[in-house]
Amino acid sequence: MEKIIKDRSLILNRRNFLSKTSIGIGTAALSSLLGMNFFSKSENGVLSPTASGAKGVLKNLHFAPKAKRVIYLFQSGGPSQLDLFDYKPMLTKMRGQDLPESIRNGQRLTGMTSGQDSFPLADSLFEFKQHGSNGAWVSNLLPYTSKITDDICIVKSMFTEAINHDPAITFFQTGSQQPGRPSMGSWMSYGLGSANENLPAFSVLLSRGTGRPAGQPLYSRLWGNGFLHSLHQGVQFRSGKDPVLYLKDPKGIDRTSRRRMLDKLAELNHKQLEVYGDPEISSRIAQYEMAYRMQTSVPEVMDISKEPDHIYKMYGPDSTKPGTYAANCILARRLAESGVNFIQLYHMGWDSHDNLPTQIKGQALDTDQASAALVMDLKQRGMLDDTLVIWGGEFGRTNYSQGTLTNTNYGRDHHPRCFSIWMAGGGIKPGVVYGQTDEFGYNIVENPVHVHDFQATVLRLLGVDHEKLTYKYQGRRFRLTDVHGHVVNDILA
Amino acid sequence: MTLKKIKNILVKSLGLMSLICYLCNCQTRPTSDGNISKLVEKEQSIPDKIDFNFHVKPILSDRCFACHGPDKNAIEGDLSLATREDAMKALGKYQDRHAIVPGLPDSSTMIQRIYSDDPEDVMPTPESNLTLNDYEKEILKKWIEQGAEWKKHWSFLPPEESEIPQVQDKDWVKNEIDNFVLAKLENSQLTPNAPAEKEKLLRRLSFDLTGLPPTIEELDAFIADESPDAFEKQVDRLLASNAFAEQMATHWLDLSRYADSHGYQDDLERIAWPWRDWVIHAYKKNMPYDEFVTWQLAGDLLPNANREQIIATAFNRNHKITQEGGVIGEEYRTEYVADRAQTFSVAFLGLTMECARCHDHKYDPLSQKNYFELFSFFNNVPENGQIEPYGAIPEPYIKLTKKEIDEVLTFINNVDTLEEIPLMVMQEMEQPRQAHILNRGLYDQPTTPVEPNTPEAVFAFDKEFEQNRKGLAEWLFDEQNPLTARVAANRLWQQMFGTGLVATSDDFGNQGALPSHPELLDNLAIKFREEGWNIRAMLKMMAMSATYQQSSKTSPELLEMDPENRLLARASRLRLSAEMIRDHALTISGLLSEEVGGPSVKPYQPDGLWAETIGGGGGSLAKYVMDEGTKLYRRSLYTFWKRTVPPPSMMIFDASTRDLCTVKRQSTSTPLQALVLMNDPQIIEAARVVAQSTLIEKEAPKERIETIFQLATSRRPTDEEVQSLEDYLQEELQYFESAPEKAEEYLSIGEYTMKVDEPTTEVAAYAMLASTIFNLEESFSRG
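Residue numbers (the working numbering), protein chains in the order written: chain A, 1 to 493; chain B, 494 to 1276.
Mixed in with the good hints, there may be bad ones.
Chain B side only, calculated, beta carbon under 8 Å to chain A, not exhaustive [as the list claims (entries may be wrong)]: (1) Arg1066; (2) Glu1238; (3) Ala1257.
What the hints contain is simulated information worked out from the structure, not anything from laboratory work.
Glycine is no exception: its CB is placed at the ideal position from the N, C-alpha and C atoms.
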């Protein structure tokens, strides 16, 4: 075994940098490399490669990390900040009047509303109240989130550059509007590696909204590794009998049979290793063992049947139904407990161009209780301190109605200039409302946070300088934040 | 393994790398002391004669150019190191200093700054997160000492024919490739490996040329054939096969970002496969590379363009197209044009032109103006940015009729006998669109108007070329173009050896790798061009070399000295590609359909993957409807490619996403790959069918084991291996006999049924045995 490890570490070390540069090595690359630890100790003290290829490229973190892991509750489609967090009495006052040109100020419109004759301002049909010790405004769509405002930081001044779903969601995930770059979770896996040996470092869970079941699609590239090693790709966890693709042994094959197969493979592969001396062979043996362990550890973590009743109660009635957002929130906690570093949920259906009042009720019902429960559950387990929880979508929605505004109905188009997200735990200042929009809820007037700033801040909480986590591909050093991004220091605890 | 040991080895590898750079100097050939081990011992020794292209420029590019490079708008401290003229300029308010004073390193501020201890003063600055090590500093210093010689980037100089080097071991040489490789090995006091065993060699050749394994009959025939041209006959046989054309097309689909869906948002279906059929057809008839590429770039602009030439231009419509409701058409149309320009640059020039979209290139002498001039060639298509109405076929397109397919375009496999097949193609607007430099690359910020042109740093676009795609194709294949032949020959080398002579086959610029054997690359490039861009001849020459035919066995010493196998003292062992792994299983089970071309097919895929990610739309791609019958067993290049949810088993084995032009895939080793090989029904079914066929054909357990083993690995197992597998077979037999229902279950996987006489439990035990053999590392690699 020791020989295998030696061979593997050798080849990995060499491959990882020799192939990356045309001149050999710069000091920076060399120093980060020499300390690279591809192996971590398992309980029996035997070194073995971990799911993500081990410890990641960063030998030393650039800052003391506040968060060890991230749970990103992605609300796909663009939740309406004006109906959830960003309370604007002015819209009630001016209800039905046209959005003043001075406020719109040249903002590009989507093709859905650019042909509209008028842009009637639409206030929210939902009631807002102040909550918690800081008096954060939250609408009655989110009764459970209202109760945790002292634990979360609501950022009302997020903005993005993209106005349509595909580029906007790709931008949030990869720092670029066009496909091709690694997603946040892949960057984290690449930089920080994995904290466990039996599960992927980056896990993904999907759920469909009931508010707008036919919503926006998702793309597997959102959790793709881009140009990073495919060990860093997000692995989708699914409800049902095969929680990770190809995980389940075929029918008729039990664990003893599979074990015999692996033993036989190891025996025969070793013979080849002796003949050919190719370290890839020993790497392959290790990967098979890892796969074998995953076959046990994944179903274990996915089995929520033994969760106590009070947990189901906490996460809400949906949480007993596999594949729902609420059930995924429980899974997220379990994955976090098992040492998965980046867990991303995607909940579809927030794209309310029309019938917003009905649709958003469904979406809120899907997500409110479970999101809040996740924060409280982590807190009661002492995990919130080092787990960063993020709730948010790819953009916001307009303050004017898309389509006809009536007393009971309106829609809202995409709005990139301002929207709200919240973050909790993992070094985020709790009980804060950050940033302000104007009285129309159209422009940011205080503390704007760009997508790249958000990404830089997430990395900062993990102890990473976003300018220093780079990967050289086609001659260029790429980073998650492209060539931009400033850490939002104000919201760090 | 101690840290110190790793450090030692790394430092030695460093030494080796610098040695390689030293040895492969392409313009001036510094005298080498010829002793690799000595050099390795010396570690990072500074060469006697510093070469700009091979020692200096990689440092300047990687550590200095971000602030002192070709991007005029990013120049700091008024100093650019992009050209000699700029680098020699006087600096400072009083014009009293020079970054570089040839011959006088101590007077050169560059040297003062890179050796400075003062964080305010030192270069590169601490904020850049870049540093220079002692070796690199010494190189720069010595280079200035020796007069600070400047040279054009190696790949922008025309290839030069070199004399074929003399070697000591003349008997080893089979063709001139070997002279170049062996000369370098001898210089390094290394000897090439022994020839590969025949069965290994035929396996390697079969996968490299056709993507498929040899059959046992082919192996037996080759082993029995003792004639001197036995191997050549195999090369010719494989090159003439349909499988060869399909394998070449598989590579080309990556480069062409081919897919069966539009790629953004709802990701609707598109019909592009008739173009894919054309690609196979072109390779089958060994169309010369210049013609092959010219048709794809500008077939519609050729005099009296025929339908086939127009079909070829679908190449430039393979990019993604959006139907998302809210987009502004011009924004996305700009993306499509940019995609074509990027594909052109990466695929044919090996340049990362896209880096110059928002600003001048940071590393290469390519300006933003150059970028938009190239962009303008592809800007004149009468197209819309957005698919409208929903589901429409994006203009421009042609309709291929059944009649013309039946009569003329017979290479299109119109298996569904459609009366009409629409195909997106290129078309030129009568009045070209005026292109502009776009500020920061943004569609709505046009600035200076530009005309079609090519980067002068590569080679100027003379008046003799028409300012359209046809002219661009002529420029590309002009004898003076320094890149085209090198880039193409290098890719063929990559196909045969796993890594190109230039390892970064997608980047021949300043940040790319240097060629390991520059003279060989040049000779191959010139030969390729002068002998009619003959792809088959090029591949044959590579296959016929002794270099190619070496064994892949390696030793710890060789691994330590040359882990990447850049010196080619052995053949590389390579993991099979995503397509090969599946096609291998299908071939040896006899399930593989030999049908060529036609609409893409939907084989086994885990349930629900498409359905769970769609929104309301997606049309025919909302739900994956698995095919049946022989469509489950087509070669993998025919697997339906939905860009937003590509086939997962292929992605796990590093297939490219087809979002952008890709000329080099990763080759990784992950646990998910083990899961696919153990549990994918496609593979389990193939293993079962192999077992069943073998039970019918062979009687004795030993023979059966040998047959399955040989099918999977192309070699006969050793007695020890047979014994070990016989034991295993017994264990599995006991397992199934103790629970016969498990045998039934296991054998029921897959659609294909086959009747055998043996008891179910025995069949299941053999199926399990076959599955285990399929999972041997050797079974999914080619050594």
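Hint-by-hint comparison with the structure:
1. Interface hint at B:Arg1066: satisfied, since its Cβ lies 5 Å from the closest Cβ of chain A, which is below the 8 Å cut-off.
2. About 4 Å separates the beta-carbon of B:Glu1238 from the nearest beta-carbon of chain A, less than 8 Å, and the hint is met.
3. Interface restraint check: B:Ala1257 against chain A, minimum CB-CB distance 7 Å, threshold 8 Å, status holds.
Checked against the numbered hints given earlier, this structure breaks none of them.
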